[in-house]
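On the provided structure of chain A, position chain B as indicated by the hints.
Chains as they are written, first to last, in my numbering: chain A, 1 to 376; chain B, 1001 to 1307.
Simulated from the structure, these hints should not be mistaken for lab results.
For glycine and all other residues, C-beta sits at the position ideal for the given N, C-alpha and C.
A few of these clues could be false.
Claimed, not checked - The following residues of chain A were derived to be distant from chain B, with all beta-carbon distances above 10 Å:
# : residue
1 : P119
2 : S164
3 : Q191
4 : T323
5 : D342
Said to hold, decoys possible - Straight-line Cα separation of at most 25 Å, BS3-like style, residue types lysine-lysine; simulated pairs:
#  : chain 1 : residue 1 : chain 2 : residue 2
6  : A       : K299      : A       : K31
7  : A       : K218      : A       : K153
8  : B       : K1165     : A       : K236
9  : B       : K1165     : A       : K150
10 : A       : K299      : A       : K51
11 : A       : K283      : A       : K55
What the hints assert, rightly or not - Derived list of chain B stretches under chain A, where covered just means 3 residues or more per stretch with a C-beta under 8 Å from a C-beta of chain A:
#  : segment
12 : 1085-1091
13 : 1153-1161
14 : 1165-1178
15 : 1254-1263
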Amino acid sequence: MHVLVAAMAAALCVPAAGIGSGNGLPTTIGKGEGQLNLIAWEGYTQPQWVKPFEKATGCQVHAKYAGSSDEMVTLMRQGGGTQYDGVSASGDASLRLIYGKDVQPVNPNLIPDFKNFIPALQSPPHNTIGGVHYGISLQWGPNTLLYNTKLVKPAPTSWSIIYSPKYKGKVTVPDNPIQIADAALYLSKAQPSLGIKDPYELDQAQFNAAINLLKQQKPLIKKYWALASDEIDLFKNGDAVVGASWPYQTNTLKADKVAVADLIPKEGATGWADTWMMSAHAKHPNCMYKWMAWVSTPKVQAEQAIYFGETPANTKACPIMNTLSPGSAAQYHCGASASYFDSIKFWKTPVAACGNGKNDCMDYTAWQQAWTQLKS
Amino acid sequence: MAVRAADLQTPGRPLRAARLRLTGFFWSHPWTKALLLLGPPLLAFGLVYLASLVALFVSSFWTVNPFTTEIEHAWNLGNFRTIFESPAYRTIAFRTIGIAAAVTITDAILAFPLGYFMARVARPRTRAMLFVAVLLPLWSSYLIRVYIWRLILDQDGILNWTLGKLGLGSVGLAYSNWAVWIIFSYVWLPFMILPVFGALERIPESLLEASRDLGAGGFQTLRRVVLPLALPGVVAGSIFTFSLTLGDYVTPLLAGGASSQFIGNVVYQSVGISNNVPFAAAFATIPLAVMAVYLLIARKLGAFEAM
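The following block holds chain A by itself, in its conformation from the complex (with noise of 0.2 Å):
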C-alpha cells in the first residue's frame, strides 16, 4: 500500500497530468452509439440504476456477468477485443488489461463526478500509469468471513475458522487462484516466522506454505464456489455455515431471512477496488463514457454501495446512502479514513518482479497452476 501512497500523492503534485486536447483523448461526450456491451461483476448492473440510464441516454445495456477477475480478462480479449465495450476490472485485472492494450485511456474530465472522489482513487496506480488514466474508479470493499449465527457459536473473530476441522465439509471459499492471498495473509499474522508483509508478494518458501495451508483446507471444503449465486444457494440449503465470501453475499441472503452474518476478522482482510474500463476496441465509445459518468454519481454510487454492500469512491454519495438506509454510510465505511483504506490487502496481480528487489516471487501462472493443482 506504500506504492498507493507514492503514486497517490504523485497524482497529486500534477493534477490531471496529460489531460487535454492533444493526446488523442475526446474532450467532449458525443452523441450515444444506442448500445453498451459490459462485463460486470455479479450485482454491478442492476436494472434499479441501469433502466434510469437507458432512459436518460438511449444507451440499451447489455452485461455479462463474470466470476473471476480471469475470467473478466478473457472475455475483454474474446474475439479480438471488439465484443465488449466496458469491464467493472478490480485491481488485478487491471494492470494485465492496461498492459495487454486489452483497454484504452480515458479523459477524466468528461466525469463530472471525478473530482469528489477520494483522493486516494483518483489516480490509483492500479487504474493509472504515468498520470494517464486508464478508467474510472468505481467501489471499493473488503472480502469479508461470513457465518451461519445459527450453527456457528461462538461468533466467530478469526480466519482460523476456515482452516480448522470444526466445521469439517460445511466450508466455501470462491474458486479463484486469488484465493491463495487470503490463505497468505492469515498466515502472516498466524505464523509470523514466514515473514510474509504482502499477501501478493510470496517467494516459494512462503508460497509454499500458503499452498500447503489450503491443501489441509480441501478436505473441509463443500464446494468452490464461482458465482456469488453459487454461495448463496449452498448457505441457504444448508450446505454450508461459514466461508470466504463479498458482503453482496450477505445482504441477499440477510434479505431471503438467512440466519447469517459477516466480519472483517482481526487479521485483516484482502479486497477489490474496481473501475471500469473501456475496451481499446470499443464499438460505442460515447455510451460507455455516459455509463462512466453515470455510476459515478452520487445517488447511483450510493444505490450500487448499499446493493453491493461496499464503499463508493464517491463522498457526495454517504449522504444519500444514509438517506436510503440509515447507518449504512457508517456500515460500509463511506468516505473511510486512508488508514482504513491501507488496511485492506487489495487484489493485484502477484508478478515475479515484487517489491524485494530479487525477482523471486511467484507469479500468477504459478497461482494458477498451483490452483488448478489445488482443486484436482
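Frame of chain A; chain B shown alone:
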C-alpha cells in the same frame, strides 16, 4: 419407364419433357444421383465436423504467451507433456473416465430389467406409457434437471427431509462425486433403455422356447441366451452414456464438490478463464482417444448392428 416414354412423345409440354430427360439422365448414370443426394451432407460432415477436429488437433501443438495470452504457432509437445507429467491432470482424466464407467454400469443395470419388461412382458398400452415416461424428461431442459437434483440432494433438501421424517438421520450427498454420479445416471438413462429395449425385442421367442425345451431354467436362459443376445444393445447404449458423461462439464460444475473437476471443466476453464486454447485442445484429445478405443471394442462386440 414404358409409361414415361409414352408421355415423352406427348407434344406441347416442354417443361415436362425436360424433367423427364433429367430423370432419364439420372437413371442411366446412377452415380450422379448418389452424388447429388450425398454431396451436401458429406461436404458438411467433412468441413464442419472433421475439419474442426483437425483444427483442434493441430492447435493442441501450439502454445500461448503467458503474459499477452496470444497464441504462438511454434510446434511443440509442451501441452501433452504437462498433461502426462502433472499428477493433477492425470487425476482429472482418471476421475472423468472412472465416473463415466460407473454411470454406464449403473445405467446398464437399471435399464436391463426395465427394457426387458417393456420388450417382453408389458402389454402394448403399458409399453406405450413406459415409453412416454422414459422419454418425457428429455423434453425438459438438462439444466433444470440438474438443478432439481441439487434441490433433492441439498443438506436441507427433499432427500434428507424424507430420511429425517423416517428417523434415518441424513446423508451428505450434495456437492460431491456421489451427486455427480447420481445425476449423470439419471439424465443419461433413456439413452441406455432405448437400445437395450431394441435388442431385447429382437430376440426371437423361439430361441427362448428352445432353451426351455432343452431343460434350461429361467436364470440359465437369461444368462446363456438373453444376455448374450442383448449385449450388443447394452454396448450400443453404453456408447451414449459413456461418451455423454465423458464430455460433460455442467453437472460437475453445478453439483460437484471440492474434488469434482472433469476433463470438460479443465477445457472450459482453459478457454473461458485462462484463454489457453491450445492446452484445452490438447486435453480434449484425451476423451477423443478414449472414445476411439471404446468404439473399436464396441464394434467387436457387435454394438453397431444393434443401433
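Consistency of the hints with the structure:
no.: 1; hint: P119; result: holds (31 Å)
no.: 2; hint: S164; result: holds (16 Å)
no.: 3; hint: Q191; result: holds (24 Å)
no.: 4; hint: T323; result: holds (38 Å)
no.: 5; hint: D342; result: holds (29 Å)
no.: 6; hint: K299/A <-> K31/A; result: holds (23 Å)
no.: 7; hint: K218/A <-> K153/A; result: holds (22 Å)
no.: 8; hint: K1165/B <-> K236/A; result: holds (21 Å)
no.: 9; hint: K1165/B <-> K150/A; result: holds (22 Å)
no.: 10; hint: K299/A <-> K51/A; result: holds (14 Å)
no.: 11; hint: K283/A <-> K55/A; result: holds (20 Å)
no.: 12; hint: 1085-1091; result: holds (count 5)
no.: 13; hint: 1153-1161; result: holds (count 4)
no.: 14; hint: 1165-1178; result: holds (count 3)
no.: 15; hint: 1254-1263; result: holds (count 5)
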